[in-house]
Amino acid sequence: MAQPLLEASGFRKSFNGVAALRLGQFTLMPGSVHALCGGNGAGKSTFLKILMGIHHRDAGRLLRNGAEVTFDNPSQALDNGISIIEQELSPVPAMTVAENIYLGREPVGLFGRIAFREMNNRAQDLLDGFHFGIRADTLMMDLTVAQTQLVEIAKALSYDAEVIIMDEPTSALGEAEADQLFAAIAMLKARGKGVIYVSHRLSEIFGICDSYTVFRDGAFVETGALADIDKDRLIQLVVGRPLTEEFVKDNTPGDDTLLSVQGLAADRGVRDVSFSVRRGEILALYGLMGSGRTEIFDRLFGLSGQTAGQIMIDGAPVTITTPRHAIDAGLAYVTEDRKRSGLVLTGDVRDNLCLATLDRMGVGPVMNTRAEGRAAARMIEVLNIRTASDRLSVSHLSGGNQQKVVLGKWFLTEPRILLLDEPTRGVDVGAKREIYRVMSDFARAGGAVVMVSSETDEVLGMADRVVVMRDGRVAGELDRAAMSAEQLLHLAV
Amino acid sequence: MEQQTDTTGTDRRMGTASRMAPALQRYGILIALAVLCIVLSVVSENFLTSRNIINVLRQTSINGILAVGMTFVILTRGIDLSVGSVVALVGVVSASFATTSAAGVAGAPYMPLIPVAVGLLTGMAVGSVSGIAVARFSVPAFVATLGMLSAARGLTLIYAGGRPIPALTDGYRWIGTGDIGGIPVPIILFGLVFAVAHFVLTRTRFGRHVYAVGGNPHAAKVSGLPVRRIRFAVYAISGALAGVAGMILAARTGSALPQAGVAYELDAIAAVVIGGTSLAGGIGRVSGTVIGALLIGVMNNGLDLLGVESYYQQVIKGALIVAAVMLDRSRKTED
Chain A
1 MAQPLLEASG FRKSFNGVAA LRLGQFTLMP GSVHALCGGN GAGKSTFLKI
51 LMGIHHRDAG RLLRNGAEVT FDNPSQALDN GISIIEQELS PVPAMTVAEN
101 IYLGREPVGL FGRIAFREMN NRAQDLLDGF HFGIRADTLM MDLTVAQTQL
151 VEIAKALSYD AEVIIMDEPT SALGEAEADQ LFAAIAMLKA RGKGVIYVSH
201 RLSEIFGICD SYTVFRDGAF VETGALADID KDRLIQLVVG RPLTEEFVKD
251 NTPGDDTLLS VQGLAADRGV RDVSFSVRRG EILALYGLMG SGRTEIFDRL
301 FGLSGQTAGQ IMIDGAPVTI TTPRHAIDAG LAYVTEDRKR SGLVLTGDVR
351 DNLCLATLDR MGVGPVMNTR AEGRAAARMI EVLNIRTASD RLSVSHLSGG
401 NQQKVVLGKW FLTEPRILLL DEPTRGVDVG AKREIYRVMS DFARAGGAVV
451 MVSSETDEVL GMADRVVVMR DGRVAGELDR AAMSAEQLLH LAV
Chain B
1 MEQQTDTTGT DRRMGTASRM APALQRYGIL IALAVLCIVL SVVSENFLTS
51 RNIINVLRQT SINGILAVGM TFVILTRGID LSVGSVVALV GVVSASFATT
101 SAAGVAGAPY MPLIPVAVGL LTGMAVGSVS GIAVARFSVP AFVATLGMLS
151 AARGLTLIYA GGRPIPALTD GYRWIGTGDI GGIPVPIILF GLVFAVAHFV
201 LTRTRFGRHV YAVGGNPHAA KVSGLPVRRI RFAVYAISGA LAGVAGMILA
251 ARTGSALPQA GVAYELDAIA AVVIGGTSLA GGIGRVSGTV IGALLIGVMN
301 NGLDLLGVES YYQQVIKGAL IVAAVMLDRS RKTED
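Taken in order, these protein sequences are the chains called A and B.
So in the numbering used here, spot 405 of the first sequence is number 405, and the numbers just go up one at a time.
So in the numbering used here, spot 172 of the second sequence is number 172, and the numbers just go up one at a time.
Treat the hints loosely; a few may be bogus.
[What the hints assert, rightly or not] Computed spacing ranges between beta-carbons, pair by pair: (1) Phe116(A) <-> Phe142(B): 33 to 39 Å; (2) Asp471(A) <-> Ile158(B): 20 to 26 Å; (3) Arg229(B) <-> Gln306(A): 17 to 23 Å; (4) Asp72(A) <-> Phe142(B): 38 to 44 Å; (5) Arg229(B) <-> Glu414(A): 20 to 26 Å; (6) Phe142(B) <-> Gly269(A): 49 to 55 Å; (7) Arg233(A) <-> Ala280(B): 54 to 60 Å; (8) Gly254(B) <-> Arg370(A): 48 to 54 Å; (9) Leu89(A) <-> Arg229(B): 34 to 40 Å.
Hints are computed from structural coordinates only; laboratory data are not their basis.
Since the model is a prediction, treat every value here as computed from it, not as a measurement.
Here a beta-carbon is modelled for each residue, glycine too, at the ideal position from N, C-alpha and C.
Kindly produce the complete structure, drawing on both the sequences and the hints.
In structure tokens form, the structure reads like this:
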């Protein structure tokens, strides 16, 4: 058997007496893509931060190519061939690809002048070696998110990294873009590198990884080859209890139309979009990134300018030019990026839950603190938000619980129509299921759900009907019986 | 002076042990103020006299009132550099309604209520202009209020013809020199402004809106908040409070000087920052600002009592501001 690239055992780490990681164990073989799975709070990030030299372990051994090592800081980890591609990339946008790759270690010539030609050539060779199809003298700001990630990979390789850690690399990518990334990962594998792959998307893990290691509640649970297990078993390992099904769906579409959209135009070339949703129905808007799905939601919610098209709610035409109109008309909008436009991260759970309903919780301009507290407590209970107190800052909650806070904010407005943009992005499997349950219950109670999703499985699992978007137009519509992954992709590209 | 029983703050965090430490840091400024007072009362026998205490409070009141207005603006991620100029502009405009000299407007002097109303409206109007530039035309607050810093100073000099407006009526001067039950009016006004601002920020819908807009304007907009109106309002508030400060200053001096208030914005911003309000918006409280203003006031007073030259005082104040922000930063990175 070959020598492992990395062998971690018995990792332990506490923060102020609270154990974040009780038993971290992981073995990475050369030429493998190894999934590190676990819910939020399982200890994955702590483990990775120890590997990267950001945190110091309280106990445990780390072997790199068989030799024991300890990293005091990230640059030592990098010197030992361990590199990470962060979830949120931080390139210097106004610099070229080559400048970003060699940032801080530019080849220099006479009088410290940067040898631009040499740097560009070296970067270009690196990029071409992987057929990334990116020119080294392009500015970073002109690249797509997927290309930016490819540059990060090239950067990691320029350090001669043998171990490459990828933390949720596809969270900002569409399916087509993700394929480009997967091709690069396959190439890394073929060259004998080891990839530690962290993702909440199970289909991806089964698509590109060969081994798995599961952490739960800060401790190692199991490791093995993905070929030997199936999705249900993996979910069970992550969640710690058997799950009968990934999706929860027990709504039945009614007969009367609640929301109908005729000939709608919106930003980014969205034209002539028509669809309708009935009471009790979950409608999915499917399409590639940039196909105009989010723009439709922004337009419906009064966030972009007034453009052509008619919106009818309960058969009556409505004019929506501000979010206030939309909320008053019974719409609620869970945006794609909860950190950017969903949550006030400086605020606490209660502040965020009450944000859209402050008008109803006071006497004149004075707030009724008790009413706020009661409303928050109700949502925490209904949505099973795991928080020590409604006075805890939302920034301390896990992704799934943050998403539930956003949902709770909107449920307090008592909406009739829920617009959900990628509602389970960055949410662990356990919380995902709870969000599906909430969607299903909302529809069952007579509400209408419109959901934007890039995940085929999610659309197939939850939607009663799907409208497929392509280049800002409706490319087709399928009902539940006619839906299949092939059909969706066929219409979308 | 401030009982820290307020429970609405955003950094009252619990759950893990890593959040125990901020208790000390949260009260750090208050502790610093207390330590400074104790040290000064030991080294200088003049410090802990009621006369000196009242003196410190009176000297702090103008900066304190400006800083309270500044807190609203900074909480929304903004800044108001124009307050020093507004102090001068409101001073001369309201004084021209309260002077017995030839510099007054026709019919002057009027009963004190008129110049006070004119002063408040002037301050609010100037703040509103900055507010419109920031909220409606998306001019960065730094630029909009830097422009106003210059423009308001110019308007002051034009209005007053470059000369002081002297001989203010006794009724008007009462704002700066009078007292109620032995407590000087400026201190009472400062206390009133603080109490109202504290109530507005912690107990009203508008207060919730200010924190939300500062914490995340996108999320606030999506949640249906009138983001532009809120942005506009905080500059109007800052302008109005700069007006209050301007009238206190003119009334205390006995004449309104067009050169008054130069660089006052710096002390106001310093008080806000020392008081723990984040320049990135969404985090902070007026009680902190008041403590920040008192710390600056006590320090100036103490250094005066100890006979330290005013040149050195500026250096020490500068170091204090940076140290306060450093403390704030280290708290955030630890989190």
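Verification of the supplied hints:
no. : hint                                : verdict
1   : Phe116(A) <-> Phe142(B): 33 to 39 Å : holds, 35 Å
2   : Asp471(A) <-> Ile158(B): 20 to 26 Å : violated, 59 Å
3   : Arg229(B) <-> Gln306(A): 17 to 23 Å : holds, 20 Å
4   : Asp72(A) <-> Phe142(B): 38 to 44 Å  : holds, 40 Å
5   : Arg229(B) <-> Glu414(A): 20 to 26 Å : holds, 25 Å
6   : Phe142(B) <-> Gly269(A): 49 to 55 Å : violated, 36 Å
7   : Arg233(A) <-> Ala280(B): 54 to 60 Å : violated, 45 Å
8   : Gly254(B) <-> Arg370(A): 48 to 54 Å : holds, 50 Å
9   : Leu89(A) <-> Arg229(B): 34 to 40 Å  : holds, 36 Å
In the structure shown, a violation is registered for the earlier hints numbered 2, 6 and 7, in ascending order.
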